[in-house]
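Undergrad: Those protein sequences? They're chains A and B, same order as listed. The numbering of the first sequence is my numbering, which starts it at -1 and goes up by one. The numbering of the second sequence is my numbering, which starts it at 549 and goes up by one.
Worth double-checking, as some hints may not be accurate.
Simulated restraints, written as ranges between beta carbons of each label pair [stated by the list, open to error]:
1) Lys43/A <-> Glu587/B: 37 to 43 Å
2) Gly29/A <-> Lys977/B: 41 to 47 Å
3) Lys731/B <-> Leu88/A: 53 to 59 Å
Since the hints were made in silico from the structure, they are not lab data. Bear in mind that the values here come from a model prediction, so they are computed numbers and not experimental data. The beta carbon of each residue, even a glycine, is placed where N, CA and C say it ideally should be.
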Amino acid sequence: MNPEERHIFSVMVENRFGVLARVAGLFSGRGFNIDSLNVAETHDKGISHITLVTHGDAQIIEQIYQHLNRLIDVIEVTDLSTGTHVERELVLIKIATDDPQKRTEILQVAEVFRGRVIDMKPTTLVLEITGDEGKLKAAIDIFNTYGILELARTGKVAMLRGSEKQ
Amino acid sequence: MELSGAQILIDGLKREGVEYIFGVNGGAAMPIFDALYSETDVKLIPMRHEQGASHAADGYARATGNVGVVLATSGPGATNLVTGIATAYMDSIPMVAITGQVFTHYIGSDAFQECDVIGVTRPICKHSYLIKSSDEIADVVAEAFHIAKTGKPGPVIIDIAKDAQMREALFQYPETVDIRGYKPQVHGDPEQIAKAAALIKEAKRPMLYAGGGVVLANASEELRKFTLNTQIPITVTLMGLGAFPETHPLAMEMPGMHGSCCANYAFTDSDLVVAIGARFDDRVTGDLGKFAPNAKKIHIDIDASCIGKNVPVDVPIVGDAKSVLTELNKQVGPADIDPWRAQIQEWKQKYPFEYEQKGDNVMPQYVTEQIYKHFSDAIVVADVGQHQMWAAQYFKFTEPRQWLNSGGLGTMGFSLPAAIGAQLGCPDKTVVNINGDGSYIMTIQELVPAISMKLPLKVFIINNMYLGMVRQWQELFHGKRYSAVDYHDNPDFALLAEAFGATGIRVEHPDDVEPALEKAKGINDGPVVIDFIVDEEENVFPMVPAGAGLGDVIRGLS
């Protein structure tokens, strides 16, 4: 078995119903895993951008690339892992803040990660943190020691740097 | 001009040059069938089951190279198409399947005869469309045909809500189709082609391995030129039979599980395999670890995802077989490989397809040989099982589209309806349907439309009273535990044919085989069914057992 690698695919697709099902079906039908998935409309209303993180050996990654390309509704596929790219993910973390001492501490930690408080109630607060995978993992690990009530992440979004052609 | 959605659909089909639509009527497709009622350019062929209709459209497409069209209603009509669509998908057959859908305001409500056909067929079609408004129909039809027949062909589904069929819209058929996400690569990369030509020149034990892609690309002529130019021995797969004449000295015949020993030994010893429109299917390669271990591989395929999927490839060439072979033909000459050709000839002579006559039994291989003798120019439509392998082995195909079978999905029941499609598409050809007793009864109802249309089909049943291929595996690998394969309770197919209204002949003795075939030749006002009662436990050899390497082929006879 060849070594497995994580790859980030940037996939431009027609903004139509059923497209996501075709992309997802390609993975489920072959037993490939999707680690993270983000889909949203772009500045061009006719096009959606999918950022998809997956893993597999070189042959599986090649198959994923080719099969994505084969879908009629897929306009362009880029394996971002082959070029220099930027990536970000946003996470919302809800934490219990039943005592004021703890709340202060959490806010200090949030500072370290440049987190923003976007909701505060007497016993809970919600933080928004943006970053790459390593930063989010570090943040989640720390906040976990305070007791995370709820967590939601966007999944990775990514693109090539500079003028490298998408 | 404002037309109903159904009429727009039919006019679109006319623009695409559609001759026939195979279908079964039903509630959600009634407006389309109604529009076809007074239609003369596009002929509606009513079949008895949607599966049969789909195979008929498929058979028409395989025989002619045109897009086959099938029409069914929503729900069960659509789900009955699934096997036919999957069959076409696996063999890359251009097809457009049109299904009626419930009214748009009922979609998603579990309405009567509602089924999410787009969802059900997503993994088995090249593309699909759900139409909820009549003004989408013209564009979708144009796109669907473009997608079905270009690149690697395949089935496209158009699901049309009943109200979209009924409401009127302006008929404006697009002159051209441009889909930004779909640009099939036709021409191979010149650098890669040059690399391939260089490898071919160096090779000492090269072989050509051509598949169904050559037939689909109408590249048989280019393949012949290439083979004759290079004088390299060639094996043609089950899906490509006829692309190169099997009667030619360079032909090694079919490779793989039930292929010729010669082709399988050639793979094992070869130093260069040139794959053209073939996909290294498991039934061809056997154990991948032992497949062509000493050979470099050149792989020409229109579908990039097919290259390197099963076997690592040294020179991949993405492109259409016709275009790539045309380029290659400019760069290659006769290969200096006399010792290798001599080796191939030795294998060919030493290990032909052969069988033993058992007493007075009608041997299935004998029947197949006689069918070849009496109908060598016919289009042969085979079903799936032992008879299919015998037909592939003993019938020597010389022309592309002369041999039609469900090679990829292996769909039993394919052949009788597919033969109907082939006969309609090629009215001047004789169409022979070689069937099994198990597969024949799966779509036997399609004898009815064949009789109604007076199609002169020759239906030859190789009847061993068993699901023969499964029985063979049970004999060899399951200790002769013949579970669910005993078909001795089948009806008398000759009598049954007569009851349907066709000519039925039963043959139980070897001496009666040729007279029966001669008689069949003379009956041209409708189908003739010959039920050949053959040796019950004859096996298909040679055989490469599942999981074994091609070099470990069991020849069968000592």
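Undergrad: Compare the structure with each hint and give your call.
TA: Hint check:
no.	hint	result
1	Lys43/A <-> Glu587/B: 37 to 43 Å	holds, 39 Å
2	Gly29/A <-> Lys977/B: 41 to 47 Å	holds, 44 Å
3	Lys731/B <-> Leu88/A: 53 to 59 Å	violated, 35 Å
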